[in-house]
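We have chain R; now place chain H onto it with these hints.
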Amino acid sequence: MFTLEALILVTVFCGFFGIILKKNQMMKIISMDVMSTGVITFYVLVATSTGFMTPIALPERGVSVDSAIVDSAIVDSAITDYADPVPQAVILTAIVIGFSIQALMLVGVMKLSRDNPTLECSEIERSNT
Amino acid sequence: MMATFTLFWITLPLFVGFGIYLLPKLARVLAVAVSLVSLAYGLWHVVYAEPMAVTLIDSFGVSLLVDQLSGFFVLTNAVVTAAVVLYCWSSGKSTFFYTQAIILHGSVNSVFICADLISVYVALEVIGIAAFLLIAYPRSDRAVWVGLRYLVVSNTAMLFYLLGAALVYQANRSFAFDALTGAPAEAIALIFLGLLSKGGIFVSGLWLPPTHGESESPVSALLSGVVVKTGVFPMVRFALLLPEFDPLVRFFGVATALFGVGFAVFAKDTKRVLAFHTVSQLGFVLAAPAVGGFYALTHGLVKSALFLTVGKLPSRDIKSLKKNPIPTSLWIALAIASFSISGFPLLSGFGAKVLTTKNLLPWQVIGMNIAALGTAISFAKFIFLPHTLSSQDQAKKVPGTGFWLAMAVLLGGLVFANIFYYEAYTLSNTVKPLVTIALGWLMYLLLFQRVSVKIPRVAERFDHLIGAMSLTLTFLFWMVLA
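Quick mapping for you: the protein sequence lines, in order, are chains R and H.
Residue numbers are given in my numbering: position 84 of the first sequence equals residue 84, and the series is strictly consecutive.
Residue numbers are given in my numbering: position 8 of the second sequence equals residue 8, and the series is strictly consecutive.
Mixed in with the good hints, there may be bad ones.
Reference excerpt, derived from the structure (chain R facing chain H, CB under 7 Å, subset only) [stated by the list, open to error]:
hint	residue
1	I19
2	M35
3	S36
4	F52
5	I56
6	T93
7	A94
8	I97
9	I101
10	C121
11	I124
12	E125
13	N128
A few chain H residues that don't get close to chain R, going by computed Cβ distances all over 12 Å [as the list claims (entries may be wrong)]:
hint	residue
14	L321
15	W331
16	G412
17	I419
Covered by chain R, according to a simulated footprint, are these stretches of chain H (three or more residues, beta-carbon under 8 Å) [as the list claims (entries may be wrong)]:
hint	segment
18	140-148
19	344-358
20	459-468
Calculated from the structure, these hints are not laboratory results.
Backbone N, C-alpha and C define an ideal beta-carbon position, used for all residues, glycine too.
Okay, chain R solo, but in the shape it has when bound:
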């Protein structure tokens, strides 16, 4: 668990330093994607802290939508190893947002590439400020 967490943070920082150190605007955007992948994975990791099972209510696992038929004997052992659904639900929204922002940035870069074919960040900055 700890190793995983460390690896995820390494991913985030790889992405972050990519945004700073890469000269090409396109590479910067891809670095940002790496960073956001790291953050998303971190949410998945947080979700597994309670267990790995898919959080879907199933009668054979002792849980049902109709709580009347829950077998209380199984519940104690069964319910606890569900993955936490809340971070997963949350990160789904963030994935969609990240994806749309990514798309928008790529469109912007496409537009810029017409007059700045190298897409070098410092060049674009010099000619536009």
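Okay, now just chain H, sitting in the frame of chain R:
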């Protein structure tokens, strides 16, 4: 009942925003109508200051909190949006522009009533997208680049924020604002980094001057008037809900007030003076969180009025404006707004300054007084511009009805907002701002008018903006631990 109306009000801009595409002829009317609904909603919460907390669906659902503070921010958003739409009324902007403006309006509103970290995140990201589309609206290379810069900076900041939110959840199994209490220091540092960058506070605010300076005037007015306040609002909320964050927020208030005004005093470009000054004024909102709402209202009205007026001036360079007199009618608008922001009595900027000063802690007073003096100095640049009554060729330069309607709304709002804090008008309260202004003008005429200091713009370069985030993060971490 009120909860139902809140839901209706918060979804209305989104429906109308997309609906505008079906009814392109009504775009402007609908846009103004939406801001009028917000105006009514904001006024209601300012006047009947009954806090209302709602949790939607279930224990992990979206939580909302509406109180007087939200009311003031919503009011700001409503008035500024209405004024900007009126300003653009006959400028031939396409339906797309109004759609984005209204979606921006709606998402800004939702930040002001959200009470959990994830809803704030979603709203801030929607704001980022809508603001990018508005900045890039002219579709010139420069506009696209400025927008892209903004989007990358804001998205990187929001990724840090998201990481912080995950750590908060890990610690307390909740995304609500109160869950920050027991959260680890790194979580708080990450969340504050996101909000500081988004709100343009202190060093993290260096992206703001180029962005606000290079955008079109109506977009600058929206960005400076309301959009940056969405980064500031959650911090004000933290400081009020959770007393342990109060010192941190107040510290950043003073730091950014001095930082921004230091740049504004030396800037030679009108739009950059205004943008740096926004960085400084947000400090006044943070310095006294309890009364930040009223300050945000007056600042939002003034700053958008100034951006709209400056956009109509023949030049952006103060030196060349000094040589060619501007039309007196424009100068009057400029002067009223400058007087308000300097804290001159009769305009509500005065009441806001008095109220903020009363709520400062002793260690903040010196810093904020220097910032107020700096404000007076930087706006003396506008007040002392030469002007003439319109002669033949000047008449062409005077803008049309839309501009004056927008000014009437914004400047009228400034006078009207006095009623929220009419207690400010006592003799002892009045003397201090007058002395500050007199001193500021004196310093401007004798000293600052003559010196010419060029502050290098190297820190505003894209790579440095992102790099500064890592420094800010380290600094924040150290501050939270302390």
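A quick look at each hint next to the structure:
no., hint, verdict
1, I19, "holds, 5 Å"
2, M35, "holds, 6 Å"
3, S36, "holds, 6 Å"
4, F52, "violated, 17 Å"
5, I56, "violated, 17 Å"
6, T93, "holds, 6 Å"
7, A94, "holds, 6 Å"
8, I97, "holds, 5 Å"
9, I101, "holds, 5 Å"
10, C121, "holds, 6 Å"
11, I124, "holds, 6 Å"
12, E125, "holds, 6 Å"
13, N128, "holds, 4 Å"
14, L321, "holds, 21 Å"
15, W331, "holds, 29 Å"
16, G412, "holds, 36 Å"
17, I419, "holds, 40 Å"
18, 140-148, "holds (count 7)"
19, 344-358, "violated (count 0)"
20, 459-468, "holds (count 5)"
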